[in-house]
Structure formats: structure tokens, C-alpha cells
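Q: Sequence:
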Amino acid sequence: MKGAVVEIAPGGKIVDTLIEHVLQLVEQASPDRGARKRRCIISSFTLPQFYNPFPSRLSPELMTATDESLRWAQEMELVASPSAQERFESALYGEFAARTYPDAPTDRLVVAAKWCAWLFLFDDHFDDCYLGRSKVDAETVLPNLLRCLASPEIEPLVPGNPLEAALLDLWPQTATRMSPSWRGRFKRHMHDYLMSYFWEISNRSRRHTPDLVMYIDMRRDTGATWIGFDLIPYTEGLEVPTRLNDSLLLRTMELAAIDVICISNDILSHEKEMARGEVNNIVHVAQQLTGGEIQQSVDLVNAIQNSRIRLFLDHKEQVPAWLEESQASPATRQAVERYIVGLESWIRGNLDWSLRTARYLNVEYAPGHGDRVSWAENLSGVTDDALRAPVEDRKPAGLGWGAATS
1 MKGAVVEIAP GGKIVDTLIE HVLQLVEQAS PDRGARKRRC IISSFTLPQF YNPFPSRLSP
61 ELMTATDESL RWAQEMELVA SPSAQERFES ALYGEFAART YPDAPTDRLV VAAKWCAWLF
121 LFDDHFDDCY LGRSKVDAET VLPNLLRCLA SPEIEPLVPG NPLEAALLDL WPQTATRMSP
181 SWRGRFKRHM HDYLMSYFWE ISNRSRRHTP DLVMYIDMRR DTGATWIGFD LIPYTEGLEV
241 PTRLNDSLLL RTMELAAIDV ICISNDILSH EKEMARGEVN NIVHVAQQLT GGEIQQSVDL
301 VNAIQNSRIR LFLDHKEQVP AWLEESQASP ATRQAVERYI VGLESWIRGN LDWSLRTARY
361 LNVEYAPGHG DRVSWAENLS GVTDDALRAP VEDRKPAGLG WGAATS
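1 is the number of the first residue of the sequence shown in this note's numbering; add one for each residue after it.
What the hints contain is simulated information worked out from the structure, not anything from laboratory work.
Cβ coordinates follow ideal geometry from the N, Cα and C atoms, glycine included.
Some hints here could point you the wrong way.
Listed next, with one range per pair, are the computed distances between beta-carbon atoms [what the hints assert, rightly or not]:
| no. | residue 1 | residue 2 | range |
| --- | --- | --- | --- |
| 1 | L47 | E325 | 40 to 46 Å |
| 2 | S205 | A80 | 25 to 31 Å |
| 3 | A321 | L47 | 35 to 41 Å |
| 4 | E89 | R206 | 35 to 41 Å |
| 5 | M63 | Q334 | 26 to 32 Å |
| 6 | R71 | P105 | 48 to 54 Å |
| 7 | D314 | T242 | 23 to 29 Å |
| 8 | M63 | P143 | 34 to 40 Å |
Please take these sequences and the hints and turn them into a complete structure.
A: The following block contains the structure:
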């Protein structure tokens, strides 16, 4: 089955017709609806055969990216305690950058590695701690982070916590080397990423499993992948002109790449996320929808993922003719071609890293009620209660908070 297509709706809005293909796959996977089980099952499953036809690559500057990202994280006080440092090192964030930006010159690879570290640490601060369950705390933290992305010419804000200090240090290093249009796009993607946390918070606080198609759409923001893609032209030193960057063909390839990256991430992180009672995971969403066994749900979402790879490849074949029709200059052709190679590096590099990092291999169970997350550091200046498991948050055994602690 070919991947879904992306179309232009009246008014110029891009509409992804993935919904039709998702529903077809769900219908095929669904057992007798009367026999559905409306519960989350924490169980082992066999990893599917990930279809990933792109070459595995690794920057020769791996160790530099690794060492410099840790040094910077410690300097910014994002990593302070021995347990936090051990967790950081075992996650291999420098390797993630070295795999997703394998052609970057050393100085730009280091900056990209810092961005990756910031995004992962921020994500853990929200998702693995309890800040990601409080709309009030999120409203205190998130808007100030966006304010840190002011124009580099403007005097920066005085940071109020390590997350803000790190952004205020990192943003000028990046933005001053890029065009105003790139800066605007990056800010928009950062805004969408940070605001998507409110959607995740709403799901968690209500213990609500989202609709599958809605989840796929929102996951494109919650995964921060747009931000990662924005760093491709930064690391390459080549920007795609806006008229081509906003084109239907390139947008289709970007959406397909994001879906592949986020679905594989959800499959590989499923056990970890179920251990802490997460509802924002596509395997969990598919299982609740179909009522089938977990292996069936994994195979279903992997089929969606594989269809997106095929969609990406189908549209890649159209690129030469599209560039010809667009009368692209040699420099523009090079920028587009390098950007597409960057998307491929992201698709493959994310998978290779995900199969090695302790971030997904090590399952961390939720702490007991009222206990502090053992490795957590207060990166956002919230009250210490935001780093503790809520006393009143009692879930049935097997859904995370009732699980054994370690």
C-alpha cells in the first residue's frame, strides 16, 4: 500500500489524507469489536522489522560533540548531580547529533548537539518528572522560554532558571548565522512545540487516550522534530528559499519523515512510557482503538510508519523534475538536495541511536506517591512538589504509578 498523500484544500491549507490509510489499517487490525479490551497491557513484544533504506552514517566528530555538549550542559547547570551526569552520558545525546547531522562541520555540529541536549533534557523535565501534569506550572515556565528567542540584536532577558539560561546562550550562537525567514520559522516551530505540551498535559490529567489520527497530527509538534529539521540548513550552511521551502512536495516529504521518526520513537519507548502511566504513545493509542493485543498494535503502527517511508521515496523521485520546473539555480538545487539528504540522515540516525541509547533501553518506574524523582534537578525554577509523584495520583496496578519502584 502506498503512503497517504498531501493535498491543498480550499484556502491553501495543506491537508494530509493519512486518515484514510490509518482507518483502513485499523479496520484490518481490529478484532471483533464486542471483544475489545479497554485497558492498557504492559507486556513485552517483538520489535517489528523497521523499513529504513537510508545509509547509517556517523560524524567523525562524535567525541567532540559528546564532550562539548556535556561540558556545556554542566556549565549551564542543566546537569549537576552525579546521577544526572550518568543519565546524560548513557543517553548518548552527542551521538544522536553525530548521526542526524553527520556532515556538519565541527563548530556547527557542537551547536546542534547542544540543541539536542537541551530538547531532551527539557522533555525529560516535563515528561519524566511531574511538571508535565500541571497546567499551572506549565503556564509559569513555557511562555518565558519563548521570550528567550528574541532577536539577537535585542538585549536578552535575565535568565530565571537553567533552561532559560541555556536558551539565551544557545539562540544567538545559532540565529546570527541564519536569515530572518529561518529565524521566524524556527521560532514558530519552537512555539508549536512548547504549546503542544498543554495538549499532552490535558490528556495526562484526564487520563484520556487521544484519537489515533489526532494523535499522529499532534505528535508532529510534540516530537520537536520540526526544530531538528530547522537545524539541517544551519549545519549545512545552506538555506532552501522560502518559495520552495513552503512547497507541497517538500512539505509532504517533511511530514512523512516526521511520522517515521515519531512512530519509531513511540514503539521503542513504549515500555518506558507505560511504566510511568503515559497515555501519549501511538502504540497505546492504537491498542485502545483496536482492542487487540500489544503485538498487533505494534505491527499496525509499524505498517503506518512503513507507508510513510514509501511516501517519502515516491516524492523524492519527483524532486529533479520539480527543481527543473521551478527554474532553481545551481545553489538552490544544492540546498534542496542537501536538505533532503539531511532528512534521510534524521530518519536513519534517529533509529540507529534509539536502538542504542539507555533513554529507551532502561525502564524507569514511577516513584512512590509523594517521592521525588531520584535523578531530577530543578531546571525550570518550579516548586519542588513538581518533581514529586502526586500523593493523590493513584492509578491501577499495571498503568504506571502502581508499578514496582526502583
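Q: With reference to the structure, classify each hint as holding or not holding.
A: Evaluation of the provided hints:
{"no.": "1", "hint": "L47 / E325: 40 to 46 Å", "verdict": "holds (41 Å)"}
{"no.": "2", "hint": "S205 / A80: 25 to 31 Å", "verdict": "holds (29 Å)"}
{"no.": "3", "hint": "A321 / L47: 35 to 41 Å", "verdict": "holds (37 Å)"}
{"no.": "4", "hint": "E89 / R206: 35 to 41 Å", "verdict": "holds (36 Å)"}
{"no.": "5", "hint": "M63 / Q334: 26 to 32 Å", "verdict": "holds (29 Å)"}
{"no.": "6", "hint": "R71 / P105: 48 to 54 Å", "verdict": "violated (19 Å)"}
{"no.": "7", "hint": "D314 / T242: 23 to 29 Å", "verdict": "holds (25 Å)"}
{"no.": "8", "hint": "M63 / P143: 34 to 40 Å", "verdict": "holds (37 Å)"}
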